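Under our numbering, the first residue of the sequence shown is numbered 17, with each subsequent residue one higher.
Please note: incorrect hints may appear among the correct ones.
[Claimed, not checked] Estimated spans, in silico, between C-beta atoms of each pair:
| id | residue 1 | residue 2 | range |
| --- | --- | --- | --- |
| 1 | Asp264 | Leu84 | 38 to 48 angstroms |
| 2 | Gly232 | Lys102 | 25 to 35 angstroms |
| 3 | Asn262 | Ser89 | 34 to 44 angstroms |
| 4 | Val239 | Lys202 | 23 to 33 angstroms |
| 5 | Ser89 | Asp203 | 18 to 28 angstroms |
| 6 | Lys168 | Ala236 | 14 to 24 angstroms |
| 7 | Glu157 | Val249 | 44 to 54 angstroms |
| 8 | Lys171 | Lys247 | 16 to 26 angstroms |
| 9 | Lys168 | Thr265 | 26 to 36 angstroms |
It is worth saying that the hints were derived from the structure and are not from the lab. As the structure is a computational prediction, the values presented were derived from the model and not from experiment. Even glycine gets a Cβ: it sits at the ideal position worked out from N, Cα and C.
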Amino acid sequence: DIRILAVDSTEKRIRYVSSAAELLGLSNVTARAMRAEDGSFYERVRSACDSAYCQSTMHRLAGAKKVLAYNTSQTVLYLYKADKKKATGQGVVICPGGGYSAVCIEKEGFALAEYFQSIGVTAIVLKYRLPNYGHKEVPLEDVQAALRYMRKHGKKWGVEPTKVGVVGSSAGGHLAAYASNYTPDKDKPNFAVLFYPVISGESTMTHRGTFLRLLGKEHAPYVREQYSMEKRVSPTTPPTILFLSNDDTVV
């Protein structure tokens with residue numbers, strides 16, 4: 017059961033600081049591209065974050081309240097259509113973080129969607145169902161459904177089906193990478209943008225709570241390894257860029 021909500025670009029709502037602007041505006045961010053075949057897209061992300069729009073967004077939203085959605089049992093897609101005059105033909109499905117215990121819908125969802133919309137990229141913010149300690153297939157199914165929806169209906173929004181990517185922050189970054197590696201090849205996203213993602217399940221570096229909520233409190237180490245995304249990269253993994261911060265002590 018998926019509900020689609022369109023968000024008017026002129027709607028005035030309080031947002032939290034955009035993760036993209038927040039990260040890309042800092043000098044200590046490290047970006048690493050893996051087989052970046054569409055370099056123009058990534059350059060667009062980097063350069064646009066220096067724009068007056070992003071800078072004003074950061075100042076306007078600083079101190080705004082963080083909003084989390086808990087106990088999500090219904091999938092909702094929030095659509096942010098790019099202005100036709102700016103549209104690049106690209107679209108993204110945005111997966112907010114929250115450690116698989118909640119969905120950080122404002123800071124890592126709506127705010128990011130406004131940013132992508134401002135540079136001509138149509139965005140869908142995905143409020144996905146949570147795995148609730150072991151139902152690992154549930155959030156993956158929601159990302160895959162959102163990708164299919166955008167490809168099926170994107171033409172009327174100016175989105176080309178071969179230019180649909182996935183974006184994720186924190187645990188949402190794990191979910192985006194999860195979709196990039198576990199989705200059948202013909203349905204995989206065309207690119208991935210990961211902000212401070214949870215990637216590895218290795219005990220010395222993992223964000224433990226994220227993996228417990230995804231895989232269950234009682235799971236074997238080999239299962240955690242299967243969902244460590246650095247071990248799942250293959251020749252069909254889409255081009256992926258990671259944005260990281262040196263002072264991130266959480267992920």
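Which constraints among the numbered hints does this structure fail? Numbers only, ascending. Result: hints 1, 2, 6, 7, 8 and 9 break, sorted rising.
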